[in-house]
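Protein chains: 2
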Amino acid sequence: MATTELTDHELIATHRPTLDQALEAVRTRAYWSPHPEHAKAYGENGSLSVADGKAAFDALLGTRLDLGQPGTDDWVGGEVSPYGIELGVTYPHADVDVLLPAMRAGQAAWRDAGPELRAAVCLEILGRIGDRTHELAHAVMHTSGQAYLMAFQAGGPHAQDRGLEAVAYAYFEQVRTPATAEWTKPQGKRDPLVLTKEFKPVPRGIALLIGCNTFPTWNGYPGLFASLATGNAVLVKPHPRAVLPLALTVRIAREVLTEAGFDPNLVALAAERPGEGIARTLAVRPEIRIIDYTGSTAFGDWLEANARQAQVYTEKAGVNTVLVESTDDYRGMLANLAFSLSLYSGQMCTTPQNLLIPRDGITTNEGPKTYDEVVAGLAKAVDALLGDDTRANALLGAIVNPDVKARLEAAAGLGEVAFASREIAHPDFPEAVVRTPVIVKLDGAKPDDEAAYMSECFGPVSFAVAVDSAADAADLLRRTIREKGAMTVAAYTTSQDVERDVEEVCLEEAAQLSLNLTGGVYVNQTAAFSDFHGSGGNPAANAALCDGAFVANRFRVVEVRRQA
Amino acid sequence: MATTELTDHELIATHRPTLDQALEAVRTRAYWSPHPEHAKAYGENGSLSVADGKAAFDALLGTRLDLGQPGTDDWVGGEVSPYGIELGVTYPHADVDVLLPAMRAGQAAWRDAGPELRAAVCLEILGRIGDRTHELAHAVMHTSGQAYLMAFQAGGPHAQDRGLEAVAYAYFEQVRTPATAEWTKPQGKRDPLVLTKEFKPVPRGIALLIGCNTFPTWNGYPGLFASLATGNAVLVKPHPRAVLPLALTVRIAREVLTEAGFDPNLVALAAERPGEGIARTLAVRPEIRIIDYTGSTAFGDWLEANARQAQVYTEKAGVNTVLVESTDDYRGMLANLAFSLSLYSGQMCTTPQNLLIPRDGITTNEGPKTYDEVVAGLAKAVDALLGDDTRANALLGAIVNPDVKARLEAAAGLGEVAFASREIAHPDFPEAVVRTPVIVKLDGAKPDDEAAYMSECFGPVSFAVAVDSAADAADLLRRTIREKGAMTVAAYTTSQDVERDVEEVCLEEAAQLSLNLTGGVYVNQTAAFSDFHGSGGNPAANAALCDGAFVANRFRVVEVRRQA
Numbered sequence: 004m005a006t007t008e009l010t011d012h013e014l015i016a017t018h019r020p021t022l023d024q025a026l027e028a029v030r031t032r033a034y035w036s037p038h039p040e041h042a043k044a045y046g047e048n049g050s051l052s053v054a055d056g057k058a059a060f061d062a063l064l065g066t067r068l069d070l071g072q073p074g075t076d077d078w079v080g081g082e083v084s085p086y087g088i089e090l091g092v093t094y095p096h097a098d099v100d101v102l103l104p105a106m107r108a109g110q111a112a113w114r115d116a117g118p119e120l121r122a123a124v125c126l127e128i129l130g131r132i133g134d135r136t137h138e139l140a141h142a143v144m145h146t147s148g149q150a151y152l153m154a155f156q157a158g159g160p161h162a163q164d165r166g167l168e169a170v171a172y173a174y175f176e177q178v179r180t181p182a183t184a185e186w187t188k189p190q191g192k193r194d195p196l197v198l199t200k201e202f203k204p205v206p207r208g209i210a211l212l213i214g215c216n217t218f219p220t221w222n223g224y225p226g227l228f229a230s231l232a233t234g235n236a237v238l239v240k241p242h243p244r245a246v247l248p249l250a251l252t253v254r255i256a257r258e259v260l261t262e263a264g265f266d267p268n269l270v271a272l273a274a275e276r277p278g279e280g281i282a283r284t285l286a287v288r289p290e291i292r293i294i295d296y297t298g299s300t301a302f303g304d305w306l307e308a309n310a311r312q313a314q315v316y317t318e319k320a321g322v323n324t325v326l327v328e329s330t331d332d333y334r335g336m337l338a339n340l341a342f343s344l345s346l347y348s349g350q351m352c353t354t355p356q357n358l359l360i361p362r363d364g365i366t367t368n369e370g371p372k373t374y375d376e377v378v379a380g381l382a383k384a385v386d387a388l389l390g391d392d393t394r395a396n397a398l399l400g401a402i403v404n405p406d407v408k409a410r411l412e413a414a415a416g417l418g419e420v421a422f423a424s425r426e427i428a429h430p431d432f433p434e435a436v437v438r439t440p441v442i443v444k445l446d447g448a449k450p451d452d453e454a455a456y457m458s459e460c461f462g463p464v465s466f467a468v469a470v471d472s473a474a475d476a477a478d479l480l481r482r483t484i485r486e487k488g489a490m491t492v493a494a495y496t497t498s499q500d501v502e503r504d505v506e507e508v509c510l511e512e513a514a515q516l517s518l519n520l521t522g523g524v525y526v527n528q529t530a531a532f533s534d535f536h537g538s539g540g541n542p543a544a545n546a547a548l549c550d551g552a553f554v555a556n557r558f559r560v561v562e563v564r565r566q567a
Numbered sequence: 004m005a006t007t008e009l010t011d012h013e014l015i016a017t018h019r020p021t022l023d024q025a026l027e028a029v030r031t032r033a034y035w036s037p038h039p040e041h042a043k044a045y046g047e048n049g050s051l052s053v054a055d056g057k058a059a060f061d062a063l064l065g066t067r068l069d070l071g072q073p074g075t076d077d078w079v080g081g082e083v084s085p086y087g088i089e090l091g092v093t094y095p096h097a098d099v100d101v102l103l104p105a106m107r108a109g110q111a112a113w114r115d116a117g118p119e120l121r122a123a124v125c126l127e128i129l130g131r132i133g134d135r136t137h138e139l140a141h142a143v144m145h146t147s148g149q150a151y152l153m154a155f156q157a158g159g160p161h162a163q164d165r166g167l168e169a170v171a172y173a174y175f176e177q178v179r180t181p182a183t184a185e186w187t188k189p190q191g192k193r194d195p196l197v198l199t200k201e202f203k204p205v206p207r208g209i210a211l212l213i214g215c216n217t218f219p220t221w222n223g224y225p226g227l228f229a230s231l232a233t234g235n236a237v238l239v240k241p242h243p244r245a246v247l248p249l250a251l252t253v254r255i256a257r258e259v260l261t262e263a264g265f266d267p268n269l270v271a272l273a274a275e276r277p278g279e280g281i282a283r284t285l286a287v288r289p290e291i292r293i294i295d296y297t298g299s300t301a302f303g304d305w306l307e308a309n310a311r312q313a314q315v316y317t318e319k320a321g322v323n324t325v326l327v328e329s330t331d332d333y334r335g336m337l338a339n340l341a342f343s344l345s346l347y348s349g350q351m352c353t354t355p356q357n358l359l360i361p362r363d364g365i366t367t368n369e370g371p372k373t374y375d376e377v378v379a380g381l382a383k384a385v386d387a388l389l390g391d392d393t394r395a396n397a398l399l400g401a402i403v404n405p406d407v408k409a410r411l412e413a414a415a416g417l418g419e420v421a422f423a424s425r426e427i428a429h430p431d432f433p434e435a436v437v438r439t440p441v442i443v444k445l446d447g448a449k450p451d452d453e454a455a456y457m458s459e460c461f462g463p464v465s466f467a468v469a470v471d472s473a474a475d476a477a478d479l480l481r482r483t484i485r486e487k488g489a490m491t492v493a494a495y496t497t498s499q500d501v502e503r504d505v506e507e508v509c510l511e512e513a514a515q516l517s518l519n520l521t522g523g524v525y526v527n528q529t530a531a532f533s534d535f536h537g538s539g540g541n542p543a544a545n546a547a548l549c550d551g552a553f554v555a556n557r558f559r560v561v562e563v564r565r566q567a
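Protein chains in written order, with this note's numbering: chain A, 4 to 567; chain B, 4 to 567.
None of these hints come from the bench; they were simulated from the model.
Among the clues, some could well be false.
Remember, identical chains collapse to one label, so a pair may be satisfied in a single copy or spanning two.
What the hints assert, rightly or not - With a straight-line Cα cutoff of 30 Å, these simulated DSS-like cross-link-like pairs (lysine-lysine) come out:
#1 Lys192 with Lys408
#2 Lys43 with Lys408
#3 Lys192 with Lys57
#4 Lys188 with Lys57
#5 Lys444 with Lys408
#6 Lys43 with Lys188
#7 Lys188 with Lys408
#8 Lys192 with Lys43
#9 Lys444 with Lys192
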């Protein structure tokens, strides 16, 4: 490729060490990340500083983001930040009958580039994204409603980690089979049979990424990079309220592909008009052979049932449980839980919803505590955490959309309110809807309460469910995972028997379990290269981030064998 | 496990070297097999000799094969050999409401055994199967109609190879993630965050193997062992005409599981009454979370659409093509093709059906050959191969069922017959239906002929399709793979351009390609540990034997993390 600005050799030389470290990290699952999570680590070596990131974001407002895509028949937009500002950015609207064929044009060259060069190009894209982390952080903040620090960390380095992790898995999976082999089968006294064999990973076709509102990059990058690294073109269909982070991502990907001598149309954006619902149309196009989706159970189930021509990876709703039985660090437990319930106003797929607490109370290092005392203690811990408005704003972020606000307000009517949600004013964004969580007492023995705690109530709503015993809690945990799915389970217990019972439930129902977290790690956070996000084995998600199954079926291996 | 006859240590010590060799073979894809394919290699070290295998099979005839399964409510059978004899063996018929719960009872212990011990138990099962290879060969012969040598090789060592390959892939996939990890995240001047993590592979549930008539063991073992090695219980539902080989397999598996201290009900048989069609009922049971199926496209499509609670792996029908453009070994090509068309009367999913030959002829090392000359040459080669009845019987085997015979007879009316099928008498089995293949000339430019060559005509029927050019052939090849699927593609060409074009079609449509085979390797044969069987990327099959994707989603990994 004489005309490329980035030579294949340079790309591989630059990124191979990082790829190797990622491969080693997923093998050991020790802590590792190449992406700094301190805001001030940015601003040198071509990366945007905090201030430059803000300026870059401000410069985008009110502009047309022209990606140079073929088949653009309109310009669409309309994002309004949960913090109140109108972004005013417009994006290309695609005539998919033009765009999809254009996306296929460069696929043979991308396929022939092979796994290592594809991985290097993906890492170059991630590197450029990393340089613009602070710009993307503002884009994530003003589409998801996350507070800035979280938008920066979760939308920046942590999302990039998950993208890199997917590239590492994809690379490994493709090179498990050698590119060539000689096969010699002895035939006794006759000459052996000899074949030369070539094995080539081939893409499935065009992948469709259907983005979500709350974590457009964190939930989007794994599928995007897994598909691209395995040779597929990727069409990115963002959530209509969270277009900008993925549009910027697509822009960077197209720039890098061009510089590396590949067709930029291997990655394209499909923005839509309000209410157009193009995901439903795109998902069943014959060109679309892979779909990654994060969002509602209803649409996830629809995709699984209808997009039969595609491999479909879904993350849907679930009901996350915390079982509280006993602890040797009562204050640590309450503080840890308070943080988990408050972070991003509980608008995480991993936020605990149901806290199962024995009605006869629990044992702690501070003596026995009644159910009421535990709930009051948790309320107090939340209040302490969020008592200061500046700190509350930095933790809570804004309510992402009116549906969440409505659910929050309705939750207070579901039972006795142990901690009432309160409004918090945002000094910079007066229109932002900022609310502390609500904690509602329910009774696991009352059939009327079951409808509440057995449904996902996405947002800052937690139910303190009184249960008869730890065994009763384990049964309810099992039923909840089996029927509703769970992205996370947590438990607090000093009893080996209870621990074993909870662990057995999680093993049998395939849910990820965090035990006795009382410090600075929270049940709703997972670390790339070490923790699995979801299990793929219960109704909350049909795939985990990230494992072999997440990448292995995004490509196929074609063998060409010749008589030697 | 004090009461086991086989200790865990013994099992692992015995089988770990073989597992390691299998892991190395799938990595290099060089020739390897631990299972001898010479009949006389058996008879020592506990394996049945040819004569003892025959005696063991004869002793089974007319008996009840009691597997000691719970929930047995009837005894069913009725297999009649394609060679004419009634087997008279009866098998347990299951009350699945009793059997399925019983199969779950031992799953936690099997899960907790871990990947290495499970692999060792699977290899012990395969070893015991290997010892009874000659008994199983008769069972395969008298259910599939394969000739003895093929029933022995394909149904014995080659099937065992594919089972072992699946165990190796399953083992590797499960141990990619370590059992434990310590995760330490620096926090600047503060203490680091430290977690200890456990990662455990957990099964999906009960796997259902739906066996086929023609290769009950070869097509059955990969799914059976992939599911068992990943911790699932396996319910084996054989084809009603080919129960015995899989029933014997289940019996051996149950014996080994018992001796190793596990619940024998982890593997069970579901035989059925004539016309009962239990696969349709079993496939949608909520306990069934994995299905492996080989058979018709109609039922495979039904499974994919309806068994939504399960991971479904299907091998369905396809139309296999040979593109003949030029050769530097004309006789070798004709002899190789003649063998491929004749082996097991073309009743292989990998047998070529459409031979695409330019109407203006081809170039060869014996000078140019017209279309008619090539077809006549092939007919002559088939005649030479099958002219001797003893040799013909040894190659062809028997027609497996009346449908195949009917298709064979109807094929003669589809076009000009270049080689007429003839009846061959079998000296030992006068009732066996033995037929040589039919070769019918068709014209790729005639719309009337298209219906014939664009449908799968399973059995000893080949179409010599006249095409306009090599480019025309490549187009037809592409259309055939895309619309009908293909397990195999072969091409004969000395032109680099044609080779590149055919290769590009196979890469884009995901089909496995054999080039210029003129010796002792045939397009319809694949070798475990080296060749992929199917690609999983075209309509003939949604999975390949065997790759990471075949095993990675049969289990999930559950993580338990604790604050250190």
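Same-copy or cross-copy closeness of Lys192 to Lys43 [CA-CA at most 30 Å]
Classified as between: cross-chain Cα gap 16 Å, same-chain 72 Å, threshold 30 Å.
Regarding Lys43 and Lys408, is the shortest C-alpha distance of 30 Å or less found within a copy, between copies, in both, or in neither?
neither (34 Å within a copy, 77 Å between copies)
Classify it for me, Lys43 with Lys188: is the Cα-Cα distance of at most 30 Å met within a copy, between copies, both or neither? between (61 Å within a copy, 19 Å between copies)
task: If the cutoff is 30 Å on CA atoms, where do Lys444 and Lys408 land: within, between, both or neither? Let me know, please.
output: within (19 Å within a copy, 72 Å between copies)
_Lys444 and Lys192: within-copy, between-copy, both or neither at 30 Å Cα_ = neither (82 Å within a copy, 40 Å between copies)
Is it within a copy, between copies, both, or neither that the alpha carbon of Lys192 lies no farther than 30 Å from that of Lys57? between (76 Å within a copy, 29 Å between copies)
One pair to classify: Lys192 and Lys408, alpha carbons no more than 30 Å apart. Within, between, both, or neither? neither (81 Å within a copy, 39 Å between copies)
Q) With identical chains treated as interchangeable, where does the CA-CA distance between Lys188 and Lys57 reach 30 Å or less: within a copy, between copies, both, or neither? A) between (65 Å within a copy, 29 Å between copies)
*Pop the pair Lys188 and Lys408 into one bin, within, between, both or neither, using alpha-carbon distances up to 30 Å.*
neither (69 Å within a copy, 35 Å between copies)
Going through the hint list in order, the structure does not satisfy hints 1, 2, 7, 9.
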